[in-house]
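Peer 1: Protein sequences, first through last, are from chains A and B. With our numbering, the residue at position 96 of the first sequence is 96, and numbering never jumps. Here our numbering runs 247 ahead of the position in the second sequence, where the first position is 1.
To be clear, the hints were calculated from the coordinates, so they are not data collected in a lab. Here a beta-carbon is modelled for each residue, glycine too, at the ideal position from N, C-alpha and C. Do not rely on the hints blindly, as some may be mistaken.
If the Cβ cut is set under 8 angstroms, some of the chain A residues that face chain B in the computed set are [claimed, not checked]: (1) A141; (2) R157; (3) P204; (4) L236.
If you want the ones that stay clear, here's a sample from chain A, every Cβ over 10 angstroms from chain B, calculated [what the hints assert, rightly or not]: (5) N66; (6) R74; (7) G108; (8) A132; (9) I185; (10) G190.
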Amino acid sequence: MKILVCISKTPDTTAKIAFTDNNTKFAEAGVQFIINPYDEWYALVRAIELKEADPSSQIHLVNVGNADAEPIIRKALALGGDEAIRVNADSPDSFYIASQIAVVATQGAYDLILTGKETIDYNGASIGGMVAELLDLPYIALATKLDIKDKTATITREIEGGEEVAEVPLPLVVSCQKGVAEQRIPNMRGIMSARTKPLKVVEPVQAEALTGIHQFELPPAKAGVKLVSPDNVAELVRLLHEEAKAI
Amino acid sequence: MSVLIFADQSEGHIKKAALEALCYGAELASLLQTTAAALILGPVAQEDAAVLGKYGISKVLLAGGEAFAHLDGQVFTQAIVQAAAKEDAKVLIFPHNPDGKAIAPRVAARLKAGMVAGAIGLPDITGGGFVVRKNVFSGKAFAHVAILSDIKVISLNPNSFHVKESTGTATVESFQPIVSAPKVKVTAVNKVSGEVPLSEAEIVVSGGRGLKGPENWGLVEDLAHVLGAATACSRPVADAHWRPHHEHVGQTGLTIRPNLYIAIGISGAIQHLAGVNGSKVIVVINKDPEAPFFKAADYGIVGDAFEVVPKFTEAIKQLKAN
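Put together the whole structure using the sequences plus the hints.
Peer 2: Below, the structure written as structure tokens:
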């Protein structure tokens with residue numbers, strides 16, 4: 001089985017979020033970048049588990065990004081990717097990114113294309129669905145469980161207030177979230193071998209960016225917490241009812 | 248032209264997140280001086296479709312029947328694209344819920360439409376632009392995103408737009424799109440019965456490690472019960488299997504924006520806050536006065552949850568009784 005895992009570079013989950021250039025750019029100075037957690041913990045690790053069950057499988061990684069994404073691509077190779085493709089482009093818009101991935105996916109003829117459920121920076125949750133449509137493949141979003149047997153995937157996905165189980169023939173695209181796999185840490189052997197694994201750089205194809213970010217904005221600071229004595233819980237109820245009008 | 252809203256249904260009922268999308272679409276249509284049409288795919292009764300007029304919808308395309316009983320993204324996309332062509336829709340609105348996330352990006356790619364996923368407000372259309380505000384960095388910031396294409400797709404974050412009801416009845420038109428055979432075969436649907444779905448809940452009561460063990464969750468459940476709230480938990484609690492994973496809110500779990508979020512025994516790590524800081528009012532109950540959550544809270548009690556929460560529950564019962 002050939003698996004393609006889409007990985008994105010995002011700021012670390014604890015990174016301070018700030019903007020520069022009149023609030024039009026994310027302030028990258030001093031920020032540590034990581035593999036988008038959903039891409040790493042769930043999509044990539046599930047691909048590795050599927051390969052462990054069927055060692056003839058191959059795991060390819062694709063990233064649409066600049067050269068500064070290479071450290072996180074190497075980390076994904078250290079975890080267990082076999083080879084990686086970096087599409088050398090800025091990533092301004094999800095349709096643009098999906099168009100690049102669709103080209104890579106077509107050339108590689110993959111059985112399974114995995115993404116995280118969303119990135120933790122732009123929270124678009126859109127790449128998987130767009131890639132699937134461009135390739136005319138089925139797409140299951142928000143998978144919490146994924147098994148493959150005889151060219152058919154059995155997938156559990158999140159729905160409001162529960163879950164739905166479906167069978168879908170390969171090839172297909174799946175976006176993964178918690179439940180699909182358990183987070184792993186790369187071992188020394190993986191880190192050493194990652195250095196020599198192929199990381200191909202390809203130039204982007206012509207594609208349109210259909211959206212553009214005008215400006216960022218930080219949420220207003222909270223006015224400060226109103227503390228209520230633990231012996232006067234009724235006062236909290238009064239505040240919630242009369243002041244906040246929340247109950 | 249028109250605005251077309253995908254009215255996501257479950258077992259014949261239009262979902263709450265879809266009602267919000269309908270109101271959003273209707274208001275956007277009036278901003279654009281046009282009309283709002285809704286598309287229902289699945290077994291919704293004719294009279295229930297006409298009710299969407301209450302939310303400002305003038306016309307409903309209804310494609311009932313078994314073909315749309317379960318979600319198949321390809322089949323649904325074909326139907327939506329045909330409806331958009333029929334209604335000459337220039338803006339398509341989806342709820343940013345599990346089904347919306349599965350379909351909206353497909354439709355956007357098919358129509359080469361720029362998409363804003365998880366919008367939290369109406370577009371700014373001054374000066375001929377079309378700029379939509381959305382959450383980014385997992386709730387830690389907002390972005391104003393311009394859609395540059397002729398056709399536009401917006402998915403609306405749940406709990407971000409008020410549902411307003413007025414009078415009015417929509418015309419219902421039977422719609423028969425030409426679609427391919429589904430590839431997705433749904434074999435089971437498991438719903439947590441009786442409880443409020445977390446993503447739709449107006450009030451959420453959430454517990455953390457401070458509750459010491461799953462046997463103490465009665466505290467959370469009792470409080471949630473009197474408030475008609477959904478229950479949630481922090482990541483360590485889900486990881487320890489005290490509570491099911493679908494209750495985990497935070498950066499790597501569910502992002503929610505209820506009107507009221509009550510956090511009990513949760514310290515408020517930055518990753519947890521990312522999932523809940525869109526909540527309108529936050530109440531924190533924690534015995535550690537240094538817990539970072541107090542900085543993000545509107546109201547707080549520094550105290551032992553095992554003493555405070557039962558009193559809180561009792562006080563709310565009294566309020567509700569009056």
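Peer 1: Take the hints in turn and mark each one as holding or not.
Peer 2: Verification of the hints:
{"no.": "1", "hint": "A141", "verdict": "holds, 4 angstroms"}
{"no.": "2", "hint": "R157", "verdict": "holds, 7 angstroms"}
{"no.": "3", "hint": "P204", "verdict": "violated, 17 angstroms"}
{"no.": "4", "hint": "L236", "verdict": "holds, 6 angstroms"}
{"no.": "5", "hint": "N66", "verdict": "holds, 20 angstroms"}
{"no.": "6", "hint": "R74", "verdict": "holds, 23 angstroms"}
{"no.": "7", "hint": "G108", "verdict": "holds, 19 angstroms"}
{"no.": "8", "hint": "A132", "verdict": "violated, 6 angstroms"}
{"no.": "9", "hint": "I185", "verdict": "holds, 16 angstroms"}
{"no.": "10", "hint": "G190", "verdict": "holds, 23 angstroms"}
Violated hints, listed in ascending order, are 3, 8; each of the other numbered hints is respected by the structure.
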